Each structure stands twice: as structure tokens, then as C-alpha cells.
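J.: Chains as they are written, first to last, in this note's numbering: chain A, 158 to 475; chain B, 5 to 654.
Honestly, the hints are just simulated from the structure, not real lab data. This one's a predicted model, so the numbers in the text were calculated from it and none came from an experiment. Beta carbons are placed, not taken as given, at the ideal position from N, Cα and C, and that holds for glycine. Hints are supplied without guarantee of correctness; some may be wrong.
[To be verified] Below are the SDA-like pairs computed for lysine to any residue, each with C-alpha atoms no more than 20 Å apart in a straight line:
1. 453/A / 85/B
2. 453/A / 436/B
3. 475/A / 327/A
4. 475/A / 370/A
5. 453/A / 474/B
6. 453/A / 351/A
7. 475/A / 378/A
8. 39/B / 140/B
9. 475/A / 446/A
10. 475/A / 385/A
11. 453/A / 87/B
12. 453/A / 169/B
13. 453/A / 170/B
14. 39/B / 637/B
15. 514/B / 435/B
16. 514/B / 434/B
17. 514/B / 636/B
18. 453/A / 385/A
19. 279/A / 435/A
20. 39/B / 635/B
21. 453/A / 12/B
[Claimed, not checked] Label-pair restraints from in silico Cβ distances:
22. 497/B / 330/A: 46 to 54 Å
23. 336/B / 235/A: 16 to 24 Å
24. 71/B / 222/A: 33 to 41 Å
[Unchecked claim] Non-contacting residues of chain A with respect to chain B, defined by C-beta distances greater than 10 Å in every case (computed):
25. 226
26. 250
27. 276
28. 280
29. 300
30. 319
31. 368
32. 380
33. 388
34. 395
35. 414
36. 424
37. 435
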Amino acid sequence: MTGAPAPLGYLQTAGPHADPATALTWGLLIISVVVVVIMTALVAAGVVVRRAPRGADAALREGPNAHGWFYIGLPLTCITLVVSAIWTFQVLAAVNSPAGQPALTIQVVGHQWWWEVRYEGKAPGEGFVTANEIHIPAGRPVLVEVTGADVIHSFWIPALAGKTDTIPGRMNLTWLQADHPGLYRGQCTEYCGAQHAHMAVYAIADAPAAFEAWRQAQLAPAPAPVAPQAIAGAQVFQAHCSACHAVRGTEAAGIVGPDLTHLMSRQTLAAGALPNGEASLAGWVSNPQAIKPEAKMPATNLSGPELNAVVAYLETLK
Amino acid sequence: MTALGEARRPRIVRATPDFPGPRLQALWETAPGLKGWLGTVDHKEIGLRYIVTAFAFLIAGGVEALVMRLQLAGPGRQLLTPEAYDQLFTMHGVTMIFLYASPVLTGFSNYLWPLLLGARDMAFPRLNALSYWIYLAAGLFLYAGFVVGRGPDDGWFNYVPYAARDFNPGVNIDIYALGLILLGISTTVGAANFVVTFLRLRAPGMSVNRVPIMIWGTLTASVANLLAVPAVSLAFFLLWMDRQFGTHFFDASQGQPLLWQHLFWLFGHPWVYAIVLPAMGMVSDGLPTFCRRPLVGYTAVALATVATMALGFGVWVHHMFAVGIPAMAASFFSGASLVITVPSAVAVFAWTATIWTGRVAVTTAFLFYASMIVLFVLGGVSGVMTASAPVDWQLTDTYFIVAHLHYVLIGINVFPVVGAIYYWFPKFSGRRLSETLGYWNFWVMFVGFNLCFLPMHWLGLMGMPRRIYTYPAGMGWDASNLVVSVGGFLFAAGVALLIVNVLVSLRRGKPAGPNPWDAPTLEWSVPSPPPPYNFAVIPTVGSRHPLWEGRIESAPGRSSLTEGLLLDQGRETVGTSALDAEPDLILQMPEDTTAPFWLAVGLAVAFGFALPHAWTGVAAGLVIAGLALIVWFWPRQIRGRPQAAEPIDA
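The following block holds chain B by itself, in its conformation from the complex (with noise of 0.2 Å):
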């Protein structure tokens, strides 16, 4: 940026149907076809396509699960040999955590971060359509080896040796090594891209301290993923090193086995955070709304989502207890974990006390939210138990752990998602779910929920391991592993109804409104489904709860809706001071591009040919990305201005 003109000073004008919504339609429109729909770089689009996918990569990882709970279902069945097992256990947790719990979190955050803040896209719209791409190409790639065969086989976590070409000589853990790498890319650059957004793109008078905590969770859980995913980036890259080229990181003999499970959990833990924060962010919002009073302890709620995560960073060595540590080592590890738990009572008593002091319109949603209550006391209480060394020395790699991380894994993540999911889908389509169908769907999501991981506490004190493909009878498992399968069976049952109602509802919904709950943040203020430019003019905001102000005491009324600056010059939407956001820039927003598309591609195609160690496919693929890079960043006059931020006389 050279050269900033002088500053501008943008007209404050009273929004009306014809003005300007109609010229902004013009400017902010993604063109029909199939390159508008390759090159949009609308924020909305690009969340939506992340969480059809991620539902997509739900529903895979779920029928992989399905088809294991038939394998144990009882003793010594053979439906599945052991390798089957093994790629179906290992997909299903790569999926759940890596394909499905963060990217649907993206989704949702993605589509509602500039409506919550009051912008007209993300900071960096061409990176976010570039983080979608790359993980769709990234989800893609890790699914090609398992549909051949040669899918990832050591879990998850992957731990060496075992996952060394000596015992594991198939292309299955460089597929899981270069497919996360991948994958690690679109996690980092929309981390990023969130980061900046809520430093510099919400809509002036929406200071820190008046944000939605969603916005608190994925942003602390934005910072997170800055700092975790390099360090197993690394570790993916030096397992493929010592796979491919004979370097001695994680072997035995001249490297460490252990410097893999200390690269992965030091990711791990703080990404088990990032993962349910937002979440816990969904539930902190909509609870009010439903209770109709505003969320009990804001400060303190959006201070333990910081401090959780902060701490999450200090509790890797709680998936190490039985890999031979020091005493003292284990009592710091247990302690910290233990600390932990403070700013989650914080977000649990914040709840019940809003149910509490509330008047409650029991909604869909709201059960979903009400019950994510219960799931997560019940896995954080698990939590707890795992987090004293003496008792988790029994207690890990049992099935007590299976169910205490899909407590809180789907407690915490897939009941607020699918809580979310019936609160905004009338803001994504214009429609209301059948609250109806969405009862049934509740209730039978929860019992098969409850049914199939219940029990699983059980099975782990009975002494039930993870990860076998099979089991003798006279352990005293059979009776609940049987629970637990038609359990299982049951909670699919409740998310086919979920797919159901959303297909159901898209045609026949009732219709929705902008604001059908009566809720208090700015997303409710616009058209159902917004207009791709969101607002007509940018807001100004007064409190927290800008929709219920002049209607209870913490909100009097000084909002500003639909008077606000006229930026119709371009794609433009306003940059504000990182703390109390007041206005300072006119930011010049990017066209749509297929740059970032064909970025994903050319870096697909360099991670693929690196498998078989086709080097000329490599430098092809690296020279499809270096186009797409230059195309990107091709300087250009955007509509007769040159430069992409001028400063603002406002």
C-alpha cells in the first residue's frame, strides 16, 4: 500500500428497499455458473460448503462406526478382518476430529462471524475460500487410500513405531502423514483469517467486551490452532521423512518414539479445545435467547473460554501417564488437569443460572443447548477421573476413555451443532425446521446417545481395551457391547431424521423472517437468507444485545441499524481499531477469483504425487499453485482506486 489518499468521508445514510440495496446486490453478486461457483469468495457460500461437507464426513465416519459396533456387537464375530478393523477405527477418529468437529465449527463461524460482527465478508476472502478448498482436497485425500484399501491403520494418533515403514510398510501412514500436512494448511490459514477479522472488522462501537462468545470461542480457538498445528505439522512431516528417506526421528534404535507422542498431544490437547469452544460459544448465545435475558456472567464466561485454552496447553502429558514419567512429572500433569475444570464450572453454572433466572421457550434448539449441559458435566466429570495419574493408569486405553471422549466430543460438539443448526437455519435458508420432527429427533438422538456410550463406562471398568477387533466371551462384556451397539444404531436413527427434517424443511418450511426466535445479535437484523453484501449500511453498535435494546436495562438504546455509512464504492467494508473498534480504514474487499481454487488443486496434486515420489508431478503440481499465486496477487486498480485500504474521516 503506497500513497493512501486523502481520507474519505463516507455519506451516513438511512438504508431503504431501493437504496442501496440494489447497487451493492450488483457489486457483491457471485455471476451464475460454474466459475462464479468455483471463484465465490462470499463468506456465506463458503460456510455453507463447510458444513455440507463436514455432515458429509459426519455421515462417514458415523457408518464406519456403525459397521465396527456390528463387529463387537458380541464375542469372537467375524464380519471384519483385523486390517478392516483397523482402517475403520483409524478413518472413523480422523474423521470425527480432523474432517467433521473442526471444519462444521469453521462452517458455522465462517457464515456467521461478519453478520455477528457487522462486515460484509471476512478480512481475507480469497483465504477463506482457499482454506475450503484445501480441506475439501485435503478430506478427499485421506479418503482415497481407504476406498482402495490402503487407508491410515494406527488410530488417530498414529503413534511410531508402529506407524514406521519397518512394521507399516504400505502407502496407509503416508497418506494419514501428508493428507493432515494438507489439511494443516486450511486449518492455519482460516485460523489466521479469523484472528484478523475479529481484530480489525467489527462494526464500529463493537468493542471487545461486546461481542457474541461464539466470537470468544473460535477466536481463542483460532489462536490455538496458530500455535498447536505447526507443531504437529512437523511431526507429520518428520514421520514421512523417516519413512521416505531413512531420516531416525521416532525410531528406536537411534531417534525417540516418544517425541512423537509429545509433538502429537502437545496439537492434541489444546485442539480438543479448539474443537468444543466455539461450540460452548454457540450454547452461551443461544440459551439467552430461549431463556429470554441475557447470558448470566458474560465477562467471566468469555474469560474462562481465554483461560481454558491457555491452560490446555499445559495438560498434554495427561495422554502419557503410562508411558513411564516421574512421579512429580505426574502429580504436575494431574494438577494442572484437574485446574482445568474451574473455567468449565464457569461456562455450566453461567448456563444453569440463565435456565434458572429465565423464562424458558423449550424449542428444538433449546433442548439441544439444555442437554449439551448434562453431556458435558457427565464427560467432564470422566475428564476429571483421567486426570488423576493413579486412576488413569487403569482407566486409559479402556473403553471408559472410548466414552468420555464421545461425551464430550459429540456432547459438546455435535448436540450445540446440531442445536445451531435448527437456531440459523431459517438465517441460511428463509425457513423454519419442523419443530415437530425436530422433537423426535431430540429425544431419539438423545436416548441412543446415552444408550450407546453409557455403558461404555462400563465396559472400560470391566476392563474392556480400545482399538480390539475382537473379544472372547466370559470377559462380561457381552451384554453391553450389545447395549451399545443397538444404541448406536438408535443416535444414527435420530441424525437421519435431522437429514430428513433439513431436506423436508428447505421446500415446505415455514417461513422464517429475519428475526424468528426475537434474538439480540446482529445476524437477526438482516433479511433471511442475507443479501451477499449483508448489510445495506454498515451498523453502529451500543451494547451487546443491539435487537433487545430499549427492552431490558443492559441495553438501552443506542444501536445503530439502519443508519449507518454508505460504502457503495466498490466492494468495501469498514476496518476498526482492535479494541474499541473505531473506525479507521476503508477496506477495499477482493473479486471473486478462482486463484484459490486452483491454489487447492495444484497443491493436491504435489501432495499426491509425493506418495509414489513422482517428482515431475510435484514441480507440476508447485507450478499450478505458483500461477494460481501469481493470478491471486496480480496488482490491479479495483474500480479507479489504488490502493486496497484508505483511511476514513468518519
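If we strip away everything but chain A, and leave its shape as in the complex, we get (with noise of 0.2 Å):
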């Protein structure tokens, strides 16, 4: 979905929350490197330059004490150490006091195997639900807090922040700024059951005023379906799926999968399984367990008409 040739590569960042610590990570990296080449030609030298001479007698000797080798390799290791140690409690220092007050303040919660986003607004009614799709506004601190509805998962955006936990009965606090406009991909990183692997989050950073536009989108209720096709998928919805799904403007009001309200202004389905459109759509409502066999929604066994149906409904959910 993205240009970059390692979506979640985090030698590159993005953001203020995790720019020292790459710097860091270059740092030891780069020392770990000099070390291991430094320490296997040293072992490789001395394999090769004290290699007794075949059919050479093995005779013993009692050598030198060679203790010189710790007066001077014992030193330069502590040296490193310490460096590294300043370098890693500044690092922690900073990416711990972040710049003033934050812009936002967001909840994301860890499901089996999705993620839900909470906006709270600055009043009732302010507030919205969405799942899967981070908005931040670019260039603000966007403070989150972070908890695990069922198990334990890992909350990380390695562009923009390292790793958080999703803790049930805990709330963690982590911080996302992106310093530009972009669409970073995350991932969840603690083995959380079957669909482990298909649990991806992204951050969209906008511009401010875009971010505004979007945030006042989500904040709209669904429209009314108006083609007679869609007006039926609403009524299967409700049969079939408001027990697990809300959309908000409707009855449909479940809280065990994802929010729907605006489920069209996202760009992937079911945590970033598969992209999102009509095809998908078709695919995933009919049987999901074959995408994501476990996952938590249940084949639904519509019939076709009933299943083009709720696509056109879902489709009108923009």
C-alpha cells in the first residue's frame, strides 16, 4: 500500500516519538558490526598464525599468562558499555517527555484480530468509533492510550513509534507523531492466537485541515441507503450482522467486531487482510474463514441476492 520497499522497516522513521531510538539502533548496530568483525579476524588471525605445522609434535607449553589481553579488551568493552548505557538513558529520557500538551488524545484496543479506535470528542456526541485506520493530524503529538479487550497484543507503528503492549485491565500510554503526511503501516507483534499474522493497523497522517475534514466525516452518522438494492442489504444487515456490528444512525449497535459507520472510507478490510471493495466485500461477508480461518465472524450463509444485497448497503456506508 505503500512505496516503501519495507513497509515495516523502522531504520527509517517518521516521527519525533522514534527518531532517537533509530539513531540508537544505528549506533549499536554499527558497533555490533565493528565488534564481530573486529573478534572473528582476531580469531580467524590467530587459528591461521598459530596453527601448528602438520606432523609437527604437539608439544605442550605453558605460554604466557596473556592476561594483557583483558587489560586492554576488558577496558574497551566497559568503555562501550557506558557509552551505550548514556546513549540508551538519554534516548529513554527523550522519547519519555515528549513536546507539550497533546493535539489529540485517541484509545486503540487490541481484539482477536483487529483493532479498534476510539475518538473521544471534546463533548458528547463529539466522539466516534472506527477500527483498523489510525487518522493523526501530521507534525501534532497524538498522546494513546492503549489496552487489550481479550488477550495480549502489541500496538506498533515502527515508522512512528516502537512497541506497546495491549494489556487486558491495564491502559498503556504511547505517543504518535508523524513529522509529514503519509500512510504508515503497523502491525500486531504479540502472539495473540490463530490470526497473528493477519492483525496490520495504519497510521494516516493528514494534513491539518484534511484531518479536520475527516474527522468531521467519521463524526456524521450513515447515510440512508436510497437504491431499492440497498435498502434491502440494510435489512438483511440488521437480520444478519447488527448483533456484532454497529453502525451509527441505525439500530445496529454491536460491539464484538468493527464500528461499519464509515466502513467505505477505509482502505482495507478485516486488519488489513485484503483491500477494500466490492470483490472483497463479497468475499469476506460470504466466508471469512476462508481469508482468516478462526477468525471471530462466522460464515454467514446468505443467500446471492441477500449477499449482493448487503454488499450494496455496505457499500453506501461511506
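Join these two chains into a complex; the hints should help.
T.: Rendered as C-alpha cells:
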């Protein structure tokens, strides 16, 4: 979905909550490579230089006590470690003290196997719930309160921040801030069951005006369907889907699965398992188990016309 | 022990082929037949069983890994269902960490300790047998569910709440919990045996600063196990209570999911050192043999071994940096984890200095030992990266960790162990392994290993999470995963060459003689394979290198290997004081008995019936165990002696 060669890579990051750790990662990586190269060369050279000639008698020698290796090696080791420790403490301080007040506070709740994203408004009626895609205003610090609904997951958008576990019964805090508008991929990284592999999440940083427009659109309830097929689909949805899914502005208020009020504003389905679109919707609704085995959504057993109708209805949820 | 008799003064004699060997052979030999096979308490037999069983589990765990690598060789492959993959990665971890890595070292230590220490058996030979039988039972217990598709499926560290009944209702996790409690009994009794053997069974004169480093490694690991295993056995038991009886230790509503992580890693991190320190000891003792000089910095390396373990108890939270801990705690555990590098560096510099100041005889065993230094450094520096909390927030639970832990566990456990097989196979079997095949064995394993695990660092830095059964194309992971899979199969081919070499050399290997490497320690002073009584007379030790005495300055000739205490009035060995190894007791060692076998059977039956709450079956198992204990401890007169130990006047 992005042009990046490795969407989950973190050797290049894009926000002040991640960048200090990235520099430290590079620093320790370079130190590590240097140490490995030096020690490999020392061991290999030692074997070559000190190899007994073939057929030579393997006479014992006491050898020098060679403690010089400790006197040189250990101080170098300690200096490297002290530098690494101080740098580590500095980075810890930097990423734990964000600049200023959060522009926005959101809640992210890990579920088997999707992400619930809650935007609390300043007043009642200004909040809304979405799933798997987190819009944030670029350049602004966003405080994220994370928790788990069932088992432990881990919330990770590598370009913007390190991992924070989502633990049921606990609330953890992390920050997201993107320097530039863009799409940043994330994924659950604590093993959480059968579909741990299909638990992607996206952070979408919008220019502030675009973010505000998105927020206003999300606040609106779902538009009433107009086309006859979509109207029929809405009835199918109420009968088969509303126990688990909510669509604001209708009677559907289930809280087991993702809120679908503005489903079509999202780019993927089923936590990144499918690109969003008519064909994917039909495939997913008819048999989710074929795409995400053991997912909590059962096969719906809809007839062909019912399936087409409900997809037509879902496509109105823009 | 009541009414110790008058102090006995054993004769000091010179051993000849005719005396006292034949008499000791009759006293110590295991009876033929099934009863003898089940009842033997010979540490050498038990040690070999441990090694063979551990290798069987290594092969099982390796096959599981290869199946996973077929699934992950490319994006979107559908060889395995998610549930099958989850059981495979869980059993791979459980197998390698619990059923291979620790038991294989226990096996070597069991075989070697009495020989290295100049004793005729471990302190508690029957406990030793019990330790093996319970290990075997626990391994079969853990695999019983897997073969019928009900294996543990929550990873080897089995985090709650996913392991709770609400989310994982099958028998899978109960098998994990009960099977590992059972294994914990084996580990605990084995560890106690090593500690007491170290304190009381060293040959006269083998003061604590004269024992081989491998003894320090296993001793340190054993003390750690005694302290660490209870934490995790408790956690397993509480989990089983939560799952079966509705207690609330770990659930999110009334308990605390993080309690599991603390209890697990309080055990888990020390355990990592417990499964590498004995192997590091093998390298510390083996390298000098091939470098033709004593180890550089014996005292520093011995102290570093102990220091590593002591520090190892203070770093468990570095497995939990992402759970939401305060910055101060993250700083503390980052710092502690960095400090642990120092004792590791001591060992690395000692080994490298030994090579640089020696004359190197390049054998297969040497290649495995020397390559271990490089793999240890690589696994060590990646460990330093994960010790830094802010870096770990990115690295953790990616393939970088998978790479790191395999460099540590394969690099510091498997490579030394294979080196140790080349080194001690002549002692075990009386024959040498083929060096030509060994050379191929080493290079195929070394290249395969690095091809498999080096690119995993890159996969981790490119963000590939652990424990995913599939991944989409376009993540930048495809090519590296293919290389990893190819490397995995090459590595497996290297392990296969080892097995071929062992099987071929058992029949056709060159006869080894007692000391094929001209090595310095006591096990090489006895025939290959050693007789059941190990030493015809109890040796007296005067230096760290008894077989190099008179040839190097630090070992002037003081040890006495062929002339020593004659202990032939039953299965006897000598007990010595804890630090200086002054002889103070003649210990009566027990006869063979099948009681440990039946005790293990009884416990396994009880644990098995506990799975379905079949309490009658549990009771039956406990009755078998109780009867076995009664037989085990039934008081008897041992060849006319009233007590198990008598003072010595030496």
C-alpha cells in the first residue's frame, strides 16, 4: 500500500517519538558489526597464525599468562558499554517527555484479530469509533491510550513509535507523531492466537485541514440507503450482522466486531487482510473463514441475492 | 545414620590390570537383561541415555522447524493451517529449550562429572536415574498431545490470557503446564545432585580452584536451577488451577496477566544462562587441549561464570520492556543487561588469548569450539542491542530476536555440544569419529547456520514479526525468507552428517586409546570406554592438569593416578571436604534398583490422569510412586555394613 520497500522497517523513521531510538539503533548496529568483524578476524587470524604445522609434534608449552588481553579488552568493552548506557538513558528520557500537550487523545483497543480505534470528542456526541486505520494530524503530538479487549496484543507502527503491549485490564500510553502526511503501516507483534499474522493497523497522517475534514465526516451518522438493493441490504444487515457490528444512525449497535459506520472510508478490510472494495467485501462477508481461518466472524450463509444486497448496503457506508 | 563405627583406614595400593579391577567390576557391573537396563544407576549409562534422548528431541524439533521454513519460504504459502503452525512453533521452542538444550548438557555432565572429579559415581546415583526417567516421561507427555493435534499452541513462554481457558479451551495448555511441572521435578533433583557431588565427591586434593571450568559451568547452572525452577513450576501450577478450578491468578478481571510474565522470566532468563554456561565450560576446557597450553585466566573465567549467573537473576524485565514499565525501571534493567556483557567478554578474551598464545591443532572439535567464539560474539552484540530499552521497543518480537536467540542457543549450545561429541566420543565408545567427515560436518553446519540465521537479523530490521504463519508479498521479506529456508535445510544436512559419522564410527572408527588428544583432565586417565567403577583406585589430585604434570611449569608432578585408596568392600567412593577436598568419609553407593523407574512411571500416570480429572487414576499413579519410594528407601544392610557412610582415617 505504500511505495516503501519494507513498510514495517524501522531503520528510517518519521516522527520525534521514534527518531531518537532509530539513531541509537544505528549506533549500536554499527558498534555491533565492528565488534563482530574485529573478533572474527582475531579468532580466524589466531587459528591461521598459530596453527601447528602438519606432522609437527604437539608439544605442550606453558605459554605466557597473556593477561594483557584482559587489560586491553575489558576496558574497551566497558567504555563501549558505558557509552551505550548513557546514550540509552538519554533516548529513554527523550521519548518519554514529549513536547507539550497532546493535540488529540485517542484510544486503541486490541481485539482478536483487529484494532478498535476510539476518538473521544470534547463534548458528548463528538466522539466516534472506527477500526484498523488511525488518522492523525501530521506534525502534531497524539497521545494514544492502549488496552486489550481479550488477550495481550502489541501495538506497533514502526515508523512512528516502538511497541506498546495492549494488556487487558491495564492502560498503557504511547505517542504518535508524524513529521509529514503519509501512510504508515503497523502490525500486532505479540502472539495472540490463530490470526496474529493478519492483524495490521495503519496510521494515516493527514495535513491538519484534511484531518479535520475526515473527522467531521466520521462524526456524521451513516447515510440512509437510497437504492432499492441497498435498502434491502440494510434489512439483511439488521437481521444477520447487527448483533456484532454497529452502524451509527441505525439500530445496529453490536460491539463485538468493528464499527462499520464509515466502512468505505477505509482502505483495507479485516485488519489489512484484504484491500477494501466490492469483490473483497463479497468474499469476506460470504466466508471470512476462507480468508482468516478461526476469525471470530462466522460464515453468514446468505443467499446470493442477500449477499449482493448487503454488499450494496455496505458500499453506501462512505 | 547412627553409630558411626571406628574410623577405617583403607590401604593405599598401586592398581594393576589384575587388581583391584576384576573385583570392582563384579561389584559395580550392571546386571544384563531388562531388569538391569531399567535398574542401572551408572552415571555413564544415564549420561549417554540423556544425550541420545536429547538428540532425538533435537531431531524432532529440527523437523518442526523445517516444516515451518517450508511454509515461510515464500509469501502467502498455504502448506499449514494457523493452528498447525502455532503448535509447530510452540513445540519447536518447548522441545529445543526444555527437552534438548538443558538435558543434553545434563547428559554430558552426568557422564563426565565423576570422571572429571575422580569419583566413582554421582552423589545420589538413584536420584540420577530418577532424573532421567522423569525427563523421558515429561518429554513423552509433552509430545502425546502434539501427535494427536492437541499440542501446546501458545509459544514456549505461553503468555496469559491467551493461555487461559476462555481463549484456549482445549487440553493443549494443560499438557504444557503439567508436562513442564513434571520436567521441573527432573531438573530440580538433577541440580541438587550436581551441587552435592561438587561439594563432597571431588577426589582428594581437588580443591575448588583445580576443577575444570565445565564443572563451574554445570555447578552454576545447577544452583540457578534450584532457585529459578520453583518460580516457573509455581506459575505452571497456578495456570493449571486457573484453567481447571476457576482461580483468578492470571485473569484480567481479578488477577494480573503480567504476574505470569514476571514468574516466567524470573525463571526464563537465568535458564538461558543455565543452558549455555556448561557448554561454555566445555569450550574453556577443550580449547586448551588443542592449543597445547593451559587456559588463559582460569580464575577470571571461573569467576565470570558465577558472575554471569548472579547478574542473570537481575535482568528478567528486559523481556518485558514493551509491557508499559516506568522509564526508571527500563533504565535499570537496560543497565543491568549491559553489565552482563562484561563477564561474557572475559570468557571471549580468555579463549582468544589461549588460541593466540598456543600451538593450534586444528581438529573438528577445535573448529566447533573456535567457531563458537565468533557465534557467541555475534549473539552477544545483538543481545546488547536488545538490552537497550528504546531499541528493544523496535526489535522485540521481530525476527531480529529470533536471530539473536538462535545465535545464542545454537551458537553457544549446539556448536559446543557437537564439538564435545567429537572430543568425548572416543571416551564414550573407545573409537574416534572420522575427521574427514567431521570437517564436512563442521563446514556444512557452519555455512548452513549462518545462511539460515544471519538474514533473520535483516528480516527483523525490516519489521517481520515473530510467530506469524504467513505474510503478504510486498513487505520486503520474500528473498530473505527464501535464503533462510535454504540455509535451514543446509544446516539440517550438517546435523545429518554428524549422525552418519557417529553411526559409521561406532563400528569402524579408529581405536582411541585412553587419551587420544593428550588432554590434561582425569577422564583421560582411565580406559575408553571407562569401566563401571571408573577408577581402580581413588586418584589424588595435585594440580589443575593432572595428566600434563611435569610437562608444564604450572603443573609440577604431584598427582597420583595409579596409586591411591583401595575401596573395594562394596560400591564405595570417597567423600571429601567442600573446599580443600580433604578425604573424610567412605561413602557406600547404592545398588542398582528399578525403584526410580517405577517412581517416574507412577508420577507420569498421576499427571496423565490429572488432565481429564480422573482422580482414581491419579491416586493409582501416586500409589505406584509411593510403593516405589518405599522400596527405594527400605533400610538394608549393605554387604555387612550398618551405615551409608563411615569416617575415613586417610
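J.: Okay, which hints does this one fail, numbers in order?
T.: Violated hints (numbers, rising): 2, 3, 9, 17, 18, 19, 21, 24, 25, 26 and 30; every other hint is consistent with the structure.
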